[in-house]
Each structure stands twice: as structure tokens, then as C-alpha cells.
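Undergrad: Here is how the chains run, residue by residue.
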Amino acid sequence: MKFEPVLLKNINNPAVLTVKGYRDAGGYAGLAQSLKLEPDAITEEVKKSGLRGRGGAGFPCGMKWSFIPKGGNKPKYLVCNADESEPGTFKDRLLMERDPHSLIEGCAICCYAVGASTCYIYIRGEYTYAADVLEAALRDAYDAGILGHNVMGSGFKLDMYVHRGAGAYICGEETGMLESLEGKRGQPRVKPPFPAVVGAFGCPTVINNVETLCNVQHIVTRGAEWFKSIGTDERNTGPKLYAVSGHVERPGTYELPMGVTLQELIDICGGMYKGRELKAFIPGGASAPMLPATMRGIKMDFDTLAKAGSMLGSAAVMILDETTCMVRAAARLAKFFAHESCGQCTPCREGTNWAAIVLGRIEKGHGLATDMDLMLRMTQNMSGTTICALSDAAVGPARSVVVNFREEVEQHIKEQRCPLPQQRFFGNGAAN
Amino acid sequence: MPTVTIDGRALEVEAGTNLVDAALRVGIEIPHYCYHPRLSIVGQCRMCLVKIDGMGKLQTACSTQVFKDGMVVHVDHPEVKAGQEGVMEFLLINHPLDCPICDQAGECGLQDYSFKHGQSFSRFSFEDKRTYPEKERIPLGPNVLLNMNRCIQCTRCIRFTREISKTSELAFFERGAATEIGVFPGQPLDNELSTCVVDICPVGALTSTRFRFAERVWYLDKKPSLCTGCDVGCNVTLEHRLGAIKRYKPRFNPDVNDYWMCDYGRGTFERYKQLPRLAAPRVRRAGELTTVSWKDALDAAFNKLRVRGGSEGQPAILGSGFLTTEEAYLWSQLARQVGSPHRSVWVDSGPPRHIPNPQGGITGRDAAPNRRGAELAGLTPGDGGFDAEDLLVGDAAAQCSVLIVTDSDFGKAAHDPKVIERLRRAKTLIVLGWADTALAQAADIALPLATHAERDGTFVNAENRLQRFARAFPATGEARPAVEALRELLARFDTKFTADSAAAVFDLMAKQIPALAGLTYSSLPATGVVLRPTPSSPTVSGTDTTALGSAS
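Which chain is which? The protein sequence lines are P and A, in order.
Throughout, our numbering is defined as the position within the first sequence, counted from one, plus 47.
Throughout, our numbering is defined as the position within the second sequence, counted from one, plus 992.
Keep in mind the hints are simulated off the structure, nothing from the lab.
What you are looking at is a predicted structure, and each value in this text was computed from that prediction instead of being measured.
Glycine included, every Cβ here is placed at the ideal spot set by N, Cα and C.
Keep in mind that a hint or two might mislead.
A few chain A residues facing chain P, derived, Cβ under 7 Å [stated by the list, open to error]:
| no. | residue |
| --- | --- |
| 1 | Thr1009 |
| 2 | Gly1035 |
| 3 | Cys1037 |
| 4 | Phe1082 |
| 5 | Phe1164 |
| 6 | Arg1167 |
| 7 | Gly1168 |
| 8 | Ala1169 |
Facing chain A, a subset of chain P residues (Cβ under 10 Å, in silico) [unchecked claim]:
| no. | residue |
| --- | --- |
| 9 | Ser132 |
| 10 | Pro134 |
| 11 | Arg232 |
| 12 | Pro239 |
| 13 | Ile315 |
| 14 | Cys392 |
| 15 | Cys395 |
| 16 | Asn400 |
| 17 | Gln427 |
| 18 | Asn428 |
Using the sequences and the hints, build the whole thing.
TA: Dropping the structure here:
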């Protein structure tokens, strides 16, 4: 498939780490153009483009911006969610490490559009290198007059900070992130009120993913029509980064038009690892329910995957081949969610732990005949009953393994052992 | 005001009312753990799930506020029931089954709700329960013990220390199923209100070191009462077994102590155990203290009091802040009968005790509950009368024919040998009270009275709020409520005097004291009534005169 990269066009050009190099590559043209427009016109253009949030939920970006109240005495904030901690996701990291100014430009345009004069980039604590690169780029941008009291001579004031997280998956949830940003324990807030009304420090706040913001400058320079021309349909538009991992020959981050099929994606990644058969895939990070190989023709976009009972999420595609024990994979994921639950809501605190115990014992060959039924009912009680979506995310793999791979689970329970030769992909004894 | 329909019952509520409160108004209880009316809403126990028409998922009632007309809520609904059962199951899977040895059993939110909303079987059969080893008995502070295994992570205690006591000692540590409550090193849970976290803890995770294992709660008789620790006048539930007080718990009164009370107040009943009880009336005969009947003791007191004038001086009455308003009134009536201006009240000043409430809170500065009531009822010196200081520090006692001290444990001075010696200089010393103190031993006549738990009456607090309290159990032994004893004494002066209950005395008093005009004992509101004008300015008519009583 031929596709001219948009988001990743600069990643092999080290010169773009400086403002000068980035400008030479055509950068900051979007910001310069934006500053001449009315803020509302930018929001309108982003709305028209159909850009949906790349962080996981796929919420229309322009609509999110338009929820910010106009005027008012309170300051407004943009918080860029760079807490990329969904297992399997490594797309934002690439953007931040190789093309930091494109993020700064996207943030600046968004701030101008919603009237925010402060932007926090909340970056995952483990991304120390990316944080360093961003810090350096911010200093450079301040020196070049792109940030500060007078953005590119327009009179618009904008301050931007990099805030490093302390290592919690839940701080990628937007209100959990705000709590953490405010210096509190990172745990999601009850909504409503939504962050657009009461966000960081009690003020209206836009929260956008790194990849989402990196798209904005291109929408401004090339127009919404160009953006809409890429993708499946009206609701699934634009270029998309797919972070492919697992049993493919060349795992990595690939930029492709929204709605590429899974088979195409595998082919672009050099085919299945050692030519093995596809068994299952996780289309959108650990939270997305696993889908069986029979669905390899599915279009990888928001709506098609949602219809299939999974989700595009962060587009972290995990490919599992025939040698993978699905129970083990699910048990490993369940353990991750049990470890990362913040512990405030009862169903999530207790349920993620229980699911990890039950899947762990099935995997070890100690499963009970009632366990599959137990998993279904337990996950039923966990879904939709909590403050944030972590509980629903944990339900994804735990439930889908019973629904989509029932025979394999039954075999584990009946034979009291794993029917597959043990693979070391998820590490030794990781699931227990 | 918007209208909301809950289980088919429509009601109007103020905009912003949450569904838990709204449902309660039509008699529907929505189960909840983390919600507390005075704490911020976190919606995390997920027990209060309800079905709202037009919303796909179940919603938490505590975090759903009514703003617009037409919200239709279902509590009695199969989906809600399934949701509650699910949450109960999650809460119980890791909860220890140690109810038989748990102090909370009998007043446990988990027990109550699993009975009402839970299932009768467990699917958590072969898994190991999550435990917190070595965390079964952690002293969080001097008054509170934590058993982490029983905690259901509702965070009420954390929010209490952040929002009510404003001391922020407690916090969540760890996360997920390992989440635990704790304090930071070197910062124990040690604030004036710390035991309140035990009250708001829905389970047995936080227990009070004072009450722990003192009694199984179902053996306790619970009576509404007032705290006597200071002049805030916290409303308490007095819990006793066969007359032995086991604990005080705060009783909700939004105008006084709200849902809270201080740790000091909770321990005030221990005074009744620390001092020996004055069991029977005693009269000194030929230098020896002799136990006599009430009639003989009152006759002896009457004989001393009715001697008038001469070089022996006048009788004096030294009251205390532990008198009820009614008792103080009767004492001032007695002073009037014997024509004495020496009426006074002694109250120790204590450390200030602040109890928060929605209006900001009340600070008590006295170490007794009713200085204002006693002064209002007339225990203030008349013209040329001795005040309490004259008696306790000066040598005014020596100029008194009879000195009546009530009560025997009126303050720190009551235990000071120098003060006792000074008071003893009165020709006759009459001491009344529940405690057999050194002062009572030194008296010529000692009369045993009921404790505040054993009598009725009213107290006036620091904000001039008059509050009524009732007898929790009968007085032990020969002890009697002071009102009864005083009626008999006053009847010896005036045969027409018949008011022998706190209610009757109050109604009599209300006719004479302008601040109480229009009030009757039986119609005093449950949350008390604020008196105006302030009783610090003497307003009692008639008591300033030294005119003789009708029966003299």
C-alpha cells in the first residue's frame, strides 16, 4: 500500500529537533496560519475534518474543543495526554522523541483555538528520553519566540510545561491525570462535571492525546477536505498510527490511512512471524477485547471494530499466532489490570483481582467446571458500574477469552493443563 | 423546584439534591457506604446504583443531582437488585468472616446490607482471601485502631480528616486490591475529633480503643442525652447496660454538633467510674458522719437554714455548671426563701473545644455544660453577695451560717485540700452531689444526687441554646435527682410548693424569666431553642430581693 506519511514524515530527519530544522521542513506554518484565523474558525475546521481522539475513546476532537465555555473569568487549560501506558502502545513516544515540535505546534494551535494560555504535557514517567527531548524543544521554542508572551508576534500568550507522571496506568485516564497533575493521588473523578467545565485546578480544560494534536496543524494547512479524503468514511478519517507488536516479522509503528484491514497491516509488517498461522489479535491495546483470526478482514477503524464487539482504542495491534495460549494471554492482561486498578471503586478493585485469580488458576490447570460461568457473571458485574473505564477495559480480554475462545478454555479446565506447548512470549510464569 | 419520581412516588426537591437524600424523603432507603451527607461525594463504593430512565447504565444515586423536572428513578428494579448483589459480592469476597469476634457486629453496614441486598451463597470458594498480614491491629492514634482486613475502602475516614477535622492524617496507600488506609510516619491520627472516624466507618475496620470489646452492641440500651464535657452541648446517644455507661456516640443535631463530637467528650462518662459514689445521705453527729434517711437529712438541713440573722451570718449557695437550669432555679428560690444574696456559680474554664457544624461550629470554653443556664436561673450574687471567688479564694465562707455546695465535684477546686479547708470554715457545710469526694467527707450534711444520666433537665450552651435531656436509667442506691430533693426542702419552707419534676419546674421558671417566656418543657424542640436576650445579663425578676418567702 502506498501512503505518503503525514505524522511520521519527519521522524528520520534529526534536524527537526531544533526550531530551525523544523521550520525548514515546513513546520510552524500551521501555527502561523492559525494565528491569523479566528479561534472559532479553527475549531470549526477541526470539527469538519472529522478528527477523532487518538487516545482510545475516539471522541470527536472539534466537539471536545467547542465544549469549552467562551469567555469567563477562569483561566483555561490544555492538558496533552502523553501518558502513553496502554500495553502495546508506542506511537506517541515516537512522535515526541523524533518530532517534538510537531506536538508543540499542535498544542499551540489548540490553545489558540480554545483560548487557553497554559498547556501541560503530562508525559509518562518512564519516558525519560522523550521528556528530555520535549524539554529541550520547549526551551528552543521559547527562545525562538514561538512560546511565551508573544507567540510568533501575534500577541497571543502561551506557556507550556512538561509534567512527568510517576508511573501509574490510571493516570492516563483524563480525570486521574488531572488529579495527578494537581499533585494528588491519581484516581479518576466522578463525572459530571466533565473536564471541559471543571478540569485542572477547577478550570475548563481540554485534554487531547499526542497523536490527535499532531494532526491539527495538517488540518489547518491542508484543510478539512483533504483530511476527510483519507479513511473509511465520514466518521473515520485521517491518517492513523498503528503500533503493531506480537507475532509479525517487523513489529513497529506504521502510519496508514484509517480503516486499513488487519490482513493488510500484517502484510505491511512483513507477514506472520516465521510464517505461522494467525490465531487471534487485539486491535486496540490491552483494553480491547480479543478477536479471533476469522475476523482478519476487518477494517481497523473506530466504528467497524466497535460493531465487532471490540475497539480501535489506541490502535495498539497485538498479533497472536497459533502457538499462543489464549488463557495465558488473558491471564497476563488480567494481572495487569489488577495491578493497575486505582482501588477506589468496589467492582474494579475486587473484580480485577478476582478475574486475575480465576484466569490464573485456569491457566495453571486448576480451573473449576464453574469458572467459565463465573467469569461471565463476574465481568457482567464489573462492566459499566464504575467511575472510569478501567473496569470495562479489564472486562475486555477476560470476557472475550471465554466468549471467543470457549473451546480452548474448556480444554484447559477439562484436561487440567494447557493444551499448547508453553511459549515464552509473555515471559516465564508471568501469569499466576 | 424540580420534581423527581422515585419508584412511582413523585416529590419536589430543591435543585441540586442528590438522589440518596431525595429518596429518603419518601421513605426509600438507597443503600450506600461511601456517601455521607457532610463529606464530599466520591461515588466509589457503587452500592447506591439506581436505574434512571433514559440512561443506559446504572447510575450512582449519591452523585446524581436533581436539576430538571421529570427524572424518573427506579430503586426497586431487577437491574438495580442485580447491581447491588454484584457490588455486595465484590465487597464480601475479601472480607473476613470474623463477625463473632468483630466489635462492629450488630451495627455493621456490611452485615445489614448483605442481609438486605446480598446473596445467601458465595462463589468465592477456593480462592485465598486477600489479607493484610500484620495489619489487624494498627494503632492509628491514641483513640483509633485499624484492622485493615475488614476495610471496604469507602474513604469516609480519609475525607473526614481532610474536610471536617482538616488535619489530613489519613490517606490511601498502594492501589488496586492492595489499597489500604494508613497514616504517614510520625503523623498519627491524633486530633480532637479523631474518634468520629470510628462512627462513620461502616465496618469494623476502625474501632475505638475506649469502647473496643467493652460490650456487644446489642446488649446496649440507647438513650438520647447531652455531653457534659464543655458548654458546646453536643447531643449524644448515651449507651449503657444496666446503668453502666459504655459509650457516648454523637447524635445528629445540625445546629450544634452536627454528626460529630470530640474525643474528650466521649470520655467524660468515665468520671462516674473514677470517683466513688455518694451512696446515702450523711449527717455529722457528734463529729461522726452517720448515714441517715433522706427525711432526717433534709430536716437537718432545714433546721440549719431556717435560723435567720444574728452574728452567724447568712446562708450561701455555691452552685456549679453541672446544675441543670431547673435545679439552679430551685436553688435561687431557696436563696430567696432564706433571704440570702450569696448565690454564685463556679465553673472551671477548660481548653477551648471546637465542634464543626454547617454554620461554622461552636467553641466551648467552660469545663461544664451549663454555666449560662445556672446564671440565667438566678445563681448570681445579689447586693453585697459573695461570688464564687470570695468563697473559694477569699475567706467569705467563715462569714456564712450555712454554705451549700452543689455539687461535690464542681471543679478542680473541689479536690483542693486548701479550698476544702476554706469552705469548711462555714458554720454548717452542706454538700450535694453524686461523688463521694473529700469535700463531701468534710461536710456536715452530704446528700447523694443523681448523675446527669439519671435525671431530666435542660442545659444552655455557649450559643445560648437551651437543650433538653432525659433520664437514661434510674439513679442507684439512695441517690435522687436534685429537683426531687429540692422540692422536699422547699416544701418545708412553703407547703404550697409542689413542682417536683424538671418539666414542672421549667414551666414555673418560664413564667418568671423573660428569656424563657412562651416556652414549655414539653414543647421544647428536639434541636433546642436559642434564648434571647443573652442570659449573661441577669434577667431574673424577683430574685434580687431579700424579701422573705411566704412561709418563713
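Undergrad: Hint by hint, note whether the structure agrees.
TA: Each hint, compared with the structure:
1. Thr1009: At 16 Å from the nearest chain P Cβ, A/Thr1009 fails the 7 Å test, so the hint is violated.
2. Gly1035: 4 Å, holds
3. Cys1037: Hint holds; A/Cys1037 Cβ to chain P Cβ min 6 Å, cut 7 Å.
4. Phe1082: Holds. Min distance 4 Å.
5. Phe1164: 6 Å, holds
6. Arg1167: Holds, because the Cβ-Cβ distance from A/Arg1167 to chain P comes to roughly 5 Å (cut-off 7 Å).
7. Gly1168: 4 Å, holds
8. Ala1169: At 4 Å from the nearest chain P Cβ, A/Ala1169 passes the 7 Å test, so the hint holds.
9. Ser132: Where the cut-off is 10 Å and the nearest Cβ of chain A is about 14 Å from P/Ser132, the hint is violated.
10. Pro134: Not OK, violated: P/Pro134 not within 10 Å of chain A, min 16 Å.
11. Arg232: 6 Å, holds
12. Pro239: Given a least distance of 8 Å, the restraint on P/Pro239 holds.
13. Ile315: 37 Å, violated
14. Cys392: 5 Å, holds
15. Cys395: Where the cut-off is 10 Å and the nearest Cβ of chain A is about 8 Å from P/Cys395, the hint holds.
16. Asn400: Holds, because the Cβ-Cβ distance from P/Asn400 to chain A comes to roughly 4 Å (cut-off 10 Å).
17. Gln427: Given a least distance of 8 Å, the restraint on P/Gln427 holds.
18. Asn428: 3 Å, holds
Consistency note: the structure conflicts with the earlier hints numbered 1, 9, 10 and 13.
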